[in-house]
Amino acid sequence: MKATIVIGVIGADCHAVGNRILDHVFTEAGFHVVNIGVLSSQEDFISAAIETGARAILVSSLYGHGEIDCRGLREKCEEAGLSEMVLYVGGNLVVGKQDFATVEQQFLAMGFNRVFSPDVPLEVAVRNLHEDLGLVV
Amino acid sequence: MKATIVIGVIGADCHAVGNRILDHVFTEAGFHVVNIGVLSSQEDFISAAIETGARAILVSSLYGHGEIDCRGLREKCEEAGLSEMVLYVGGNLVVGKQDFATVEQQFLAMGFNRVFSPDVPLEVAVRNLHEDLGLVV
Amino acid sequence: MELKNVKWSADQFLAVRDGVLKQWETGHNLALERAVEYQRSVPLAKRFADALLGAKEAGITLAQPRAGVATVEGQIELLLHLQQVGGADLLPVTIDSYTRQNRYRECIVGIEESKATGRSMLNGFPAVNHGVEGCRALFEAVGLPLQARHGTPDARLLSEIVLASGWTSNEGGGISYNIPYAKSVSLERSLLDWQYCDRLVGLYEEMGVRINREPFGPLTGTLVPPSMSNAVMILEGLLAAEQGVKSLTLGYGQGGHLLQDVAAIRVLEQQAEEYFRDGGYEVEVTTVFHQWMGGFPQDEAQAFGVVCLGAQAAALAGATKVIVKTPHEAAGVPTKEANAEGILATQQTLRMLRGQRMAPSPALEAEMELIRAETKCLLDKVHELGEGDYAIGAVRAFQAGVLDVPFAPSQHNAGKMLPARDNSGAIRYLEFGNLPFTQEIKDHNRALLEERARFEGRPVSFQMVIDDIYAVSKGTLVGRPEKVISTSRR
Amino acid sequence: MELKNVKWSADQFLAVRDGVLKQWETGHNLALERAVEYQRSVPLAKRFADALLGAKEAGITLAQPRAGVATVEGQIELLLHLQQVGGADLLPVTIDSYTRQNRYRECIVGIEESKATGRSMLNGFPAVNHGVEGCRALFEAVGLPLQARHGTPDARLLSEIVLASGWTSNEGGGISYNIPYAKSVSLERSLLDWQYCDRLVGLYEEMGVRINREPFGPLTGTLVPPSMSNAVMILEGLLAAEQGVKSLTLGYGQGGHLLQDVAAIRVLEQQAEEYFRDGGYEVEVTTVFHQWMGGFPQDEAQAFGVVCLGAQAAALAGATKVIVKTPHEAAGVPTKEANAEGILATQQTLRMLRGQRMAPSPALEAEMELIRAETKCLLDKVHELGEGDYAIGAVRAFQAGVLDVPFAPSQHNAGKMLPARDNSGAIRYLEFGNLPFTQEIKDHNRALLEERARFEGRPVSFQMVIDDIYAVSKGTLVGRPEKVISTSRR
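Chains as they are written, first to last, in the UniProt record's numbering: chain A, 1 to 137; chain B, 1 to 137; chain C, 1 to 490; chain D, 1 to 490.
Just chain A, same shape as in the assembly (with noise of 0.2 Å):
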C-alpha cells in the first residue's frame, strides 16, 4: 500500500507551480499525495492529514512569511493525536537572502524534521522521505 502524503502552500502564499510539481514527483515517486494546493492554514493541513491518514506533511513557503505562518505546527500536529507526523518544510522560508543553516536550526528547533532550501534536488527530499518513513524502494 502506498503511504499517503499531505502536500501543500502555507499561509497567504499562492506560488502554485512548485507544487504541482512536487505533486508529479512524489506521485511519480510511489507516494499516495493528498495535495490542498496554495493559500493554506496550518488548520488545512492538519485536517488533511487526520482525514487520510497521512504519515508526513510537506509544508511550502515561497513567499518569506515562513517564519510567522510555521510557528507552532509541530504544537497543533501534538494537539490533534499526530505526535509521530514527520514534519518537512521548504522553500524561501524567511525574507531576503539568509545564511541557510540559521534558517534551518530555527526551522528544526520548531519541531520540523527535515528543512529544504530551494536548490536541494526533489530526487533528495524523495529519498530522505522513504528513509524517514522506513520504506524499502
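The hints are simulated quantities; they were obtained by calculation from the structure and are not laboratory data. Fair warning: this is a prediction, and the values are worked out from it, not measured in the lab. Each residue gets a CB set at the ideal place from its N, CA and C atoms; glycine is no exception. Please note: incorrect hints may appear among the correct ones.
[Stated by the list, open to error] To be clear about the criterion: a stretch of chain B counts as covered by chain D if any three or more of its residues have a C-beta under 8 Å from a C-beta of chain D, and this derived list gives those stretches: (1) 6-14; (2) 29-39; (3) 58-72; (4) 87-96.
Let chain A serve as the given structure and place chains B, C and D on it in line with the hints.
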C-alpha cells in the same frame, strides 16, 4: 608664457588613448604639453623634462606594472638636478582591484606629489596642477 | 450588484464605498474630495502618467524596481536607496502578502516583530495598516512617482488609501490579480471589485487628476504564451477604460525568446490600441516589460545574465517601462543593495541600447502575426460568450476554458492548457484544452513542438514542460534532456 | 629577408630559427620534432581547432576568459578556477607586458617579487621565462584547450615555446600585434616575424598537428569602424594561410551597436571565406567576438550590464567564440573570482540565447553591405599598392594612410582617420584621412554623423569623439552633451 609639462605612458605599456586625451585636455587648459607617448622609460621622461625645461612630469600607467616601473623616478630626478619637479602619477597602478588609499600611500612614499585613480575627472588634475605650479587661472 | 461591462454611476460607487471604508479602521473618514485635493498638489515630476507619456514620446525605456518592507521608516530608507544609488526612474511600493488577502490583523504581528527584530518579517509594505498618514509620509519622503504593486483580488480599500496618499499608479486587475493570486475568489467578485478600483480612478480623472493603471501582464509568470497574456491585458484594459481610466500601461512577462518577446510587446500595443479605438475609448497606452518571472539561478553572476537579457529585450522591443529583477532573485526578497544592483545593470543596458530597436524583419512580422491571430481568436470568443459584454464574457470564458492560464492556483481556471518551448525557445501551446483556435493555428503550434521533440529524440510530453520550468534556474532556456545538452556541448 | 607574401621554404625558416632560439636560455635545444611529438599526444578535448569547428557545426558560441599571473602555480590555480567554477569552454594564458616587448630580464624581477609577496606583480604569465618545462606543467594541469593571448610584435620565441608545450592556439598577427602594441617597430619587421609564427604553425600542420591561429580583431579597442578591423583580419588571414595555417579564427571587438556588431561578424566570416577561396586557400574559418574593449564603468553591476550586452551580441551574431570581460574591468586585472563571474554571466546569456540568431532584415542587410563595400575599397587598394602582394601592400597601405587605425600608438600608423558614433550608436568615419573610399561611402558616413550633430545641436567635431570614448564608462553608448541627456531623460 605657458608652463611646460611632460606626459607619457611608462614602461612596457602601450595604452595610447588616454594619453591622447590628456594631451588634448592639458593643451586646452593652457599648458605647453610635451608628449613622449607610450612605452617610455624613466630616462625618456627625464631627458624630455631637461630638454624642454618642464616643471611637471605626468606619468600614466594603465597596465598594472606601475609599481615596478615607477620606483626610483624621484631619485633619478634629483640626480639630474630636477629637485623641484612636480611628479604626478595616475591610472590602474597595480595589478588588480586594490584599495586606492593603500595604493596612493605607496606612490606618495615613492615621491610622487599626487596620485590619481582612473575615475578622477581630468578637470581635477588640471586644477591641481595649476595650484601646485602656483599658476593663476 | 450584477457584473456588466458598464460604467458605474457615481451613486452606485458611493453606495459600495461606505462598506469598503469600514473594512479597517484606517479607511474611516476618508473623504474623496480631500484626497483629490492632495493629489492636485503632487508635482509633475512625481506623476506616473506624465512620466510614462514622456518616455513614450522620447522613445526611451524607464526602469522600475519592486520593493517593500514592513515599516514606513524602512520603506523610506529602501526607496531612497533605489532612487539615489540605484538610479530608478519610477518607484514601487510592493504590498505584503497578508494585505493582498485582506488579512490586516496578521500584518500587525508582522509590523510589530519587524520593529522588534530590526528586519522586515513581511514581504512587502502593509499600506492599509499604515493608512493615509503612513502612506503620505512615505510619498513625501521620496522624489519620484510612486505606484502600488501587489496581487490583491479585492484591492478596494488599498486603492482608496494609496490614491489618497499621492501615489499616482496602481497595478492590478480583476483577472490578473485573481487567477494567479487566489484559490477560490470568484471572477465575478474580483471583476466587480476591480471595476470599483477603476471607477475610483475614473472619479479622480473627472476631478482633473490622472491616475495610471497597470494590469498585471505576467500572470503566473510560468511559460504563459504571449497571446494568452495579451488577451487578458486587452480585456482588462477595456474594462478599465469603460470605468473612465485614461492612462493604461499593459504588461508582458519576459519569455526569454528575444524575437517572441519583442513581437509580443509590439503587437500588444498595436492590438490594444485597435480594440480601444473600436470601443470608443480614448486612452494613453504604454507598455511594461517584466524581466524574467520564473525561477532564477542561485548564482548571482548568472542572475545578472538573466536580468540583463530582460533589460535588452525591453530596450529592443521599445517597452515604455521595465520591471527589474535582482541578483538575489533566487533567494526571494532582495536587500536594498542587491535591488540597486539590478537597477544599475538594467540602466546600463537600457542606456547603451537607447535608440536601438529590433529591426523589422519577415521573422518578426510572422511572430507578431501569429500572436495577433491567436489573441483575436481568444477575444472574439470572449465577446461571443459574453453576448457582446466583455466582463460577462471573461467570466464565461474562464468557466469554459477559453481563457486558461498555465499553473494558476485558482479553481476558476480550467488548467487544461499546457505550454512548452519550441526548439528555438519560443513559448508555444502544447495542450490546447478548450482554447478556440483555428486548426491552422493549432497545427502550427504542434508542428513547432514536434520539431523540438525530433531534435531531442523524445516525444512531446509533460516532462518537456517540467524541464522548461526549471531550465533558466539551471542555466539554459530550453529544458533539454541531459544527453542532448552534453552532445551539443561536445 | 625581404618581405613578400610567399610561403617560406623550410630552409629559410630553419636558418632564422637558430637565432630565435638563442634569444633566451629557455629556447636553447628546442627540437621541433620532439615538440610535434608532444603535440600529437594532446587529447581531442584539449585541441583548439577541433573545439572551434565542433562549436561552429553545432551553432553554439564558446566562452573564453583572459587570465594571466606571474607564476606557474598561480596560473594553474587561476585556470582551474575558471574551468571548474567559471565554466569556461576554452582557456587562455595572457602573457605579461614585459614579455610582449621581449624584456625577459624585467620579468625575472616580477616573478621573484610575486613569489615573495604572494601576489602577482606582473599583468600576465611570462611564458618565455618559464620555458617549455613550466608551460607544459601548466598545460598538463588543466583540462581544456589552451591558447596564448598577448600583444607581441616579435612573438617568435614565445610561439616556439608555447606550441612545444601543447598549447593549441596562438593569438596575434603582424599588423594587429604591432600597430596597437608598439611605438616604433616597423611593419616589415613584425610582418616577417609573424610570417615566422605562421610558418611554424604550417610546419606543425605538415606534420599532422593542427594549430589554431587568431588575428587580434579589436586593434586599439577604441571606436574602430568594423570595415577597418575586418580588412586587417582578412589581410592577416591571407598572410597566415599563405604560410600554411589551416584553422583561423578572425576577430571583432564589440562596438556596442547591436545590429552593426552582428553585421560585422557575419560579413567578416562571409567576406573572408570569399578572399580565401579566391586566393586558393583551404581554411577552417571561425569567428571570435570580443566583449567591449573600451573603458568600463567602475560600478560592478553596471559592468555586468556591459559584459552581458557583449554576450548577447556574440550569441545573436552567431560568433564561434566570445572573449569575456569581468565586473572588475575598470580596475584592470580581475581576481579569479571576478573573472569567473564574468564567465558565468556570459554563459547564462549564451545558453539562454542558444539557437536564437538576429533575424535577417533589410536593415541588417544594408549594414552588412556597407561594411562589405568599405572593406573591399580598403583591400582593393592594398592589393593595388602591393602590386598584387598583400604583405607589401599592407606596409605601403599604412605608409599611405590607406589603412589607418584610430588611437594607435605606432608611429607607422597615419592617425589621420577619426571615428565617431552616429545617432543610433553605430561607429562611422568622421575624418577619412587617406582612406580610399568612394564618394558615395564618404557621403553616407558623413550624413549619418550630421544627423547626430543636428540632434545634439552641435557641430560634428573632435569633442564628439572624446565624448564617445568615455560614454560607456559613464553609462551610455553615445557621448551626448549633458543638456541633451537631461532633456531626453525629462
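Checked hints:
no., hint, result
1, 6-14, "holds (count 4)"
2, 29-39, "holds (count 3)"
3, 58-72, "holds (count 6)"
4, 87-96, "holds (count 4)"
Checked against the numbered hints listed earlier, the structure breaks none of them; every hint is satisfied.
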